[in-house]
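Chains as they are written, first to last, in the working numbering: chain A, 8 to 264; chain B, 64 to 368.
Source of the hints: derived by calculation from the structure; they are not laboratory data.
Heads up, a few of these hints could be off.
Only pairs whose alpha carbons sit at most 25 Å apart, straight line, appear in this in silico DSS-like list of lysine-lysine [what the hints assert, rightly or not]:
1. B:Lys326 <-> A:Lys234
2. B:Lys277 <-> A:Lys257
3. A:Lys31 <-> B:Lys194
4. B:Lys308 <-> A:Lys254
5. A:Lys115 <-> B:Lys130
6. B:Lys274 <-> A:Lys254
7. A:Lys257 <-> B:Lys274
8. A:Lys234 <-> B:Lys308
9. B:Lys196 <-> A:Lys100
10. B:Lys277 <-> A:Lys259
11. B:Lys130 <-> A:Lys254
12. B:Lys327 <-> A:Lys234
What the simulated footprint calls covered on chain B by chain A, stretch by stretch (three residues with Cβ under 8 Å from a Cβ of chain A suffice, anywhere in the stretch; the number is not a length) [unchecked claim]:
13. 158-172
14. 190-196
In silico negatives: residues of chain B with every beta carbon more than 12 Å from chain A [said to hold, decoys possible]:
15. Leu91
16. Ala93
17. Val105
18. Ala108
19. Thr112
20. Asp135
21. Val222
22. Lys262
23. Glu267
For glycine and all other residues, C-beta sits at the position ideal for the given N, C-alpha and C.
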Amino acid sequence: MKILVCIKQVPDMESRFKLNSESKWYEEADLAWRMNEYDEYAVEQAVQLKDQVDDADLTVLSIGPDRVREMMKKALAMGCDRGAHIADDDYFKKDPYEIASVIAEVAKDKGFYMICTGMQSQDRGSAQVGVLVAEMLGLPSITTIVGFAFEGGQITAKRELEGGIKSIIKTRAPALVTCQLGLNTPRYPTLPNIMKAKRKELLSIPISELLKVESKQETVRMYFPEKKGGGLVLEGDVADLTDQLIKILKDKTAVLA
Amino acid sequence: MKILLVAEYRDGELLNNSYELVAFAGQLGADSAMFLVGSEGVLPAYNGTLYLADVDKYGEFNPAVHKQLLLDVIAKEQPDMVVFAHSSYGWDLAPRISLALNVAHVSEVIDIVDGVPVVPACNSKLRCDVKAKTAQMVLTLQGGAFGLEDHPTGNPTVVPINTETASEMEFCGYEEAEPGGVDLSKAEVIVSAGRGIGKPENMEMIEELAKALKGEYGTSRPVVDSEWADHTRQVGTTGQTVSPKLYVACGISGAIQHLAGMKKSEFIVAINTDRDAPIGEVADVLIVADLKEFVPAMTEKINNL
Ligand SMILES: Cc1cc2nc3c(=O)[nH]c(=O)nc-3n(C[C@H](O)[C@H](O)[C@H](O)COP(=O)(O)OP(=O)(O)OC[C@H]3O[C@@H](n4cnc5c(N)ncnc54)[C@H](O)[C@@H]3O)c2cc1C
Ligand SMILES: Nc1ncnc2c1ncn2[C@@H]1O[C@H](COP(=O)(O)O)[C@@H](O)[C@H]1O
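Could you put together the complete structure from these sequences and hints?
Written out as structure tokens, the structure is:
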């Protein structure tokens, strides 16, 4: 059984962001990078499925500059068998349609039985790429899953809806799922597995060989939101801060009365 | 301009976010029509054409079938925009539609400035203007961004629609939220823990502060996902919606899905090491400090009052 998992590298969201010189994206220097949180659940799901069935072969794919290879090694150490790095320094200029079409181009005719993606990327959050890939490949897709079971070619997934309600959906593989937070508990790679991952195949393919479509939209400007003033920001010594907050709570709320 | 609004129906009811779509069309001064897989018995309060597919026949959730029903209506109406809520129904169906139409698709729209959709990026720390290159476009709208009429009124002109499309996907019903636990919506004070607490042992200091303030403790989602607290404590779109007199967010960044559950609180205090954290946008007071130092110190002072 061939399985594919797609992962993206994103900056730590606690970073202090700056804009790039064109003001069309954030400046990438000085940021700490990590695997998109949603994609960690996707990798874990793919590895669990691989462990459940015989003869599985799990490919991890990522589109981005060379730095994404570090993150891909983590996925390999988590249990993926091989990596396909689609090299693209300008990945951030691609819209979800272009990213999805590149993934579909890699996946077509390869006979993947199961494809896992995150439900959204933390930096851009379009929540489109997974569904688009499935539609391009003519596969059924189930989005926002928080539960997954596979038996005899049948997938039973739980979709998360608003307000804590879930819906139960069944479909036949081959299929694609987009993974939501809390789906499973992503494993930490062990040291032996990190060593083993170093010997796993990690190909690099230039995106120019795979990109055959044009974008449908363009980020024309990136900027900081206007601060909706009003809020008080307090900094300093903790003892002072607690005194200040107690005074504020006494003045502005009834909770300490 | 003409907009097609894709309304939502769940468990026998029309969802309120459908009226946010109506408000959006109103703000753009556009003509609109509405699409709904729903029921004759539960019509939206909306003055306009409603293309209605029978939910008993087509199911509340069935992407391939709903997609075909919607594409047929789009072919007939030729709208400039097809608009969904950015919800579990909307973000699932919208990409299927934009791909079939071969048009731009902008997700999580929070504003339209000079015809260009504005979307958040990086946990709302940044904004992007995203320009469509195609004449027609598909949008999903972030909840709450375009408001909602208080008491929507109106009577739609119903146009029944049908399709022969079948699908292999099977919807097998709902699983309700686990019963039991606390009803946070009744609490007057809530002290909530976010991922910033770092480890499960630190839940205790949050509970202590909640106790000192005679309130309940809540959490953001990662705390529940990591099983540091029970799901019934989660605040946000997929947890509870609360509006206490005081909400104290400890180590919570302020993602939109968390804000949706607590921004109506009367007074909001945030404790965060990151002074740029988006929680600052709704907080009356943002305390830039390490919660591990601040929270116990605060509890002690309150207990000594
Ligand atoms: C469909 C969907 C539904 C969702 N539903 C919900 C929901 O119902 N509720 C919800 O909460 N989320 C929900 N989320 C997840 C949401 O997008 C965020 O991922 C989540 O709210 C982040 O939680 P957090 O703020 O605790 O963690 P983070 O975003 O990781 O933030 C941690 C914060 O702690 C601060 N911090 C770190 N260390 C310290 C310290 N020592 N002292 C003080 N501050 C510190 C950091 O600066 C940071 O701001 C949903 C997501 C999706 C896609
Ligand atoms: N550059 C990328 N490389 C590999 N996978 C990606 C990339 N961008 C997005 N994805 C996948 O698509 C999912 C949804 O992304 P998005 O539509 O950008 O929110 C992510 O969680 C990833 O699984």
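Status of the hints after comparison with the structure:
1. With a C-alpha separation of about 16 Å, the suggested pair B:Lys326 and A:Lys234 falls inside the 25 Å cut-off, and the hint holds.
2. This hinted pair checks out: B:Lys277 and A:Lys257 have alpha carbons roughly 15 Å apart, not beyond 25 Å.
3. Under the criterion of a C-alpha separation no larger than 25 Å, the hint pairing A:Lys31 with B:Lys194 is consistent with the structure, at around 12 Å.
4. Of the pairs offered as hints, the one joining B:Lys308 and A:Lys254 holds, with about 16 Å between alpha carbons and a cut-off of 25 Å not exceeded.
5. For the suggested pair A:Lys115 and B:Lys130, the alpha carbons sit about 23 Å apart, so the restraint of at most 25 Å is met.
6. Proximity of B:Lys274 to A:Lys254 is assessed by CA-CA distance (about 19 Å); at most 25 Å being required, the pair is judged to hold.
7. At roughly 17 Å between alpha-carbon atoms, A:Lys257 and B:Lys274 fall within 25 Å of each other, so this suggested pair holds.
8. Only pairs whose Cα atoms come within 25 Å are accepted, and A:Lys234 paired with B:Lys308 is accepted, the gap being roughly 24 Å.
9. For the suggested pair B:Lys196 and A:Lys100, the alpha carbons sit about 14 Å apart, so the restraint of at most 25 Å is met.
10. For the suggested pair B:Lys277 and A:Lys259, the alpha carbons sit about 17 Å apart, so the restraint of at most 25 Å is met.
11. Restraint check for B:Lys130 and A:Lys254: not satisfied, since their Cα atoms lie roughly 56 Å apart, outside the 25 Å limit.
12. Using a Cα cut-off of 25 Å, the hinted pair B:Lys327 and A:Lys234 holds, with the two alpha carbons roughly 19 Å apart.
13. Counting residues of the stretch 158-172 of chain B whose beta-carbon sits less than 8 Å from any beta-carbon of chain A gives 12, enough to reach three: the coverage restraint holds.
14. Chain A is given as covering the stretch 190-196 of chain B, and this holds because 7 residues of the stretch bring a CB closer than 8 Å to a CB of that chain, at least three being needed.
15. Here B:Leu91 stays apart from chain A, with its beta-carbon at least about 18 Å from theirs, past the 12 Å limit.
16. Remark: the non-interface label on B:Ala93 is consistent with the geometry, its nearest Cβ contact in chain A lying 20 Å away (cut-off 12 Å).
17. Every CB of chain A lies more than 12 Å from the CB of B:Val105, the least distance being 18 Å, so the non-interface label holds.
18. Separation of B:Ala108 from chain A is adequate, the least Cβ-Cβ distance of about 21 Å exceeding the 12 Å criterion.
19. The beta carbon of B:Thr112 is kept farther than 12 Å from every beta carbon of chain A, the shortest such distance being approximately 27 Å.
20. The claim that B:Asp135 is not at the interface with chain A holds, since no C-beta of that chain comes within 12 Å of its own (minimum 17 Å).
21. Once the 12 Å rule is applied to beta carbons, B:Val222 is consistent with being away from chain A; the minimum gap is 27 Å.
22. No Cβ of chain A comes within 12 Å of the Cβ of B:Lys262; the nearest lies about 15 Å off, and the non-interface call holds.
23. Here B:Glu267 stays apart from chain A, with its beta-carbon at least about 18 Å from theirs, past the 12 Å limit.
Violated hint: 11 only; the structure is consistent with all others.
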